[in-house]
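Colleague: Using the sequences and the hints given, assemble the complete structure.
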Amino acid sequence: MAELNTDDGGGKKGGGKVRSKKSNAKVDLTAMVDLAFLLITFFMLTTSLSKPQSMDLGLPDKDDDPTKNKEVKTDQRRTMTIILGKDNKIKWFHGLQNEPEPGGSPTNAVYGKNGIRKEILKRVASVPQVTGDPKKGLIVIIKPTQKSNYRNLVDILDEMAICNVPTYAIVNDFSDDEKKLAEEMNK
Amino acid sequence: MAKIKMSKKSTSIDMTAMCDVAFLLLTFFILTATAKVPEPLPVDTPNSTVQTKLPETGLVMITVGKSDGKDQVFFGMKDRAVRSGALDYMAQKYKVQFTDQQKAQFALVEEFGVPMGALPALLDLKGADRAKKGVQSGIPLDSLDNQLQDWIQYARKANIDNGGTKELEFAIKGDAKELYPQIKKVMDILQDQKINNFNLVTGLRGKDYQ
Numbered sequence: 001m002a003e004l005n006t007d008d009g010g011g012k013k014g015g016g017k018v019r020s021k022k023s024n025a026k027v028d029l030t031a032m033v034d035l036a037f038l039l040i041t042f043f044m045l046t047t048s049l050s051k052p053q054s055m056d057l058g059l060p061d062k063d064d065d066p067t068k069n070k071e072v073k074t075d076q077r078r079t080m081t082i083i084l085g086k087d088n089k090i091k092w093f094h095g096l097q098n099e100p101e102p103g104g105s106p107t108n109a110v111y112g113k114n115g116i117r118k119e120i121l122k123r124v125a126s127v128p129q130v131t132g133d134p135k136k137g138l139i140v141i142i143k144p145t146q147k148s149n150y151r152n153l154v155d156i157l158d159e160m161a162i163c164n165v166p167t168y169a170i171v172n173d174f175s176d177d178e179k180k181l182a183e184e185m186n187k
Numbered sequence: 001m002a003k004i005k006m007s008k009k010s011t012s013i014d015m016t017a018m019c020d021v022a023f024l025l026l027t028f029f030i031l032t033a034t035a036k037v038p039e040p041l042p043v044d045t046p047n048s049t050v051q052t053k054l055p056e057t058g059l060v061m062i063t064v065g066k067s068d069g070k071d072q073v074f075f076g077m078k079d080r081a082v083r084s085g086a087l088d089y090m091a092q093k094y095k096v097q098f099t100d101q102q103k104a105q106f107a108l109v110e111e112f113g114v115p116m117g118a119l120p121a122l123l124d125l126k127g128a129d130r131a132k133k134g135v136q137s138g139i140p141l142d143s144l145d146n147q148l149q150d151w152i153q154y155a156r157k158a159n160i161d162n163g164g165t166k167e168l169e170f171a172i173k174g175d176a177k178e179l180y181p182q183i184k185k186v187m188d189i190l191q192d193q194k195i196n197n198f199n200l201v202t203g204l205r206g207k208d209y210q
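First to last, the sequence lines map onto chains A and B.
When the letters of the first sequence are read in order and numbered with full-length UniProt numbering, they come out as residues 1 to 187.
When the letters of the second sequence are read in order and numbered with full-length UniProt numbering, they come out as residues 1 to 210.
Hints in this document: simulated from the structure, not taken from any laboratory.
Some hints here could point you the wrong way.
[To be verified] If you want the footprint, here are the derived chain A segments under chain B, 3+ residues with CB under 8 Å: (1) 27-41; (2) 56-62; (3) 139-146; (4) 149-163.
[What the hints assert, rightly or not] DSS-like cross-link-like pairs, simulated, lysine-lysine; straight-line CA separation at most 30 Å: (5) B:K93 - A:K62; (6) A:K118 - B:K177; (7) B:K184 - B:K157; (8) A:K147 - B:K177; (9) A:K187 - B:K93; (10) B:K66 - B:K132; (11) B:K66 - A:K62; (12) A:K113 - B:K53.
[To be verified] Quick partial rundown of chain A residues pointing at chain B, CB under 10 Å, derived from the structure: (13) M44; (14) T47; (15) P52; (16) K86; (17) G112; (18) N172.
The beta carbon of each residue, even a glycine, is placed where N, CA and C say it ideally should be.
Modeller: Dropping the structure here:
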């Protein structure tokens, strides 16, 4: 590889003064370029990868004044409630807990592609058909219990982003029935 | 005759230009890279598929994590001017005296987590000692002594004093195993100040996670 002197220096065998060799000015730069590109790759990746990713979260205005809090009525056919429990457990139901929509009674599920995502995707598609208005899509109500952890919350918010759920909210109030359900889960 | 000359041609190419370019880029990346500061409260963030980068400036990062089994909250401001401004306000409110040297030190602190009373002592420490485990005990955020709320408020105030046209943005960097109530407490403090939009710091993963 090294190519410092490539001219065949032994041209003259006979006596005579040997001319000062024309040393080749070319240095083999291959190794240097290799190293430089390796370092470039390293620095490029570390600069762009070290920036943390983030997830946007918008919460509704919080008003402590109870007189201003209006009861918002939503169509029960559109709401899907997801309760996050401890040890990565999920319980979900579609509609009301006591009178669920068809196929939407309280069920256990797991996080991820083959778990809750299937159910959400199914309902993202079916709800606008049931209501007959493409603007009235699914509403997901996320209820994290006291025993759920931060990863669960981020996971479920991530599912909302993946499934393009039009409306979702994090709600901290539990009805009595939901409380029972949550207690059962967190036992 | 001509054929013989052809075969003698060297196979090596001139790499000078390539080398120049490579080193130019290398220099650029080295200079733009910022040295990573050791975090006083290391947390393991959960992952998400969303790919939004955090802003480089105008950001306040609230780190929620556990150290020695205790929940701790740390506070970090990205802009130096905001740091100094917020410190002045806090010093006034909590009647803590800072020397000029301590103030200068505080402008360099990326993230901290001590009650106001312990802040001067922390600033006297060497930078490397601050990140040691057990040195910083977290910022108090219970209802009796809610220093986190004051820091948030004064950071926003300092941002306006500095002529910031953009509202300060807030990010929560929580540990994946942190229980929801602790995260909610921080969110509530933010919401009490009508900050309804904030970022959750996450790692990156593919969509097919289990």
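Colleague: For every hint, state whether the structure bears it out.
Modeller: Going through the hints against the structure:
no.: 1; hint: 27-41; in the structure: holds (count 9)
no.: 2; hint: 56-62; in the structure: holds (count 7)
no.: 3; hint: 139-146; in the structure: holds (count 3)
no.: 4; hint: 149-163; in the structure: holds (count 11)
no.: 5; hint: B:K93 - A:K62; in the structure: 27 Å, holds
no.: 6; hint: A:K118 - B:K177; in the structure: 25 Å, holds
no.: 7; hint: B:K184 - B:K157; in the structure: 24 Å, holds
no.: 8; hint: A:K147 - B:K177; in the structure: 11 Å, holds
no.: 9; hint: A:K187 - B:K93; in the structure: 45 Å, violated
no.: 10; hint: B:K66 - B:K132; in the structure: 14 Å, holds
no.: 11; hint: B:K66 - A:K62; in the structure: 28 Å, holds
no.: 12; hint: A:K113 - B:K53; in the structure: 24 Å, holds
no.: 13; hint: M44; in the structure: 6 Å, holds
no.: 14; hint: T47; in the structure: 5 Å, holds
no.: 15; hint: P52; in the structure: 5 Å, holds
no.: 16; hint: K86; in the structure: 9 Å, holds
no.: 17; hint: G112; in the structure: 5 Å, holds
no.: 18; hint: N172; in the structure: 7 Å, holds
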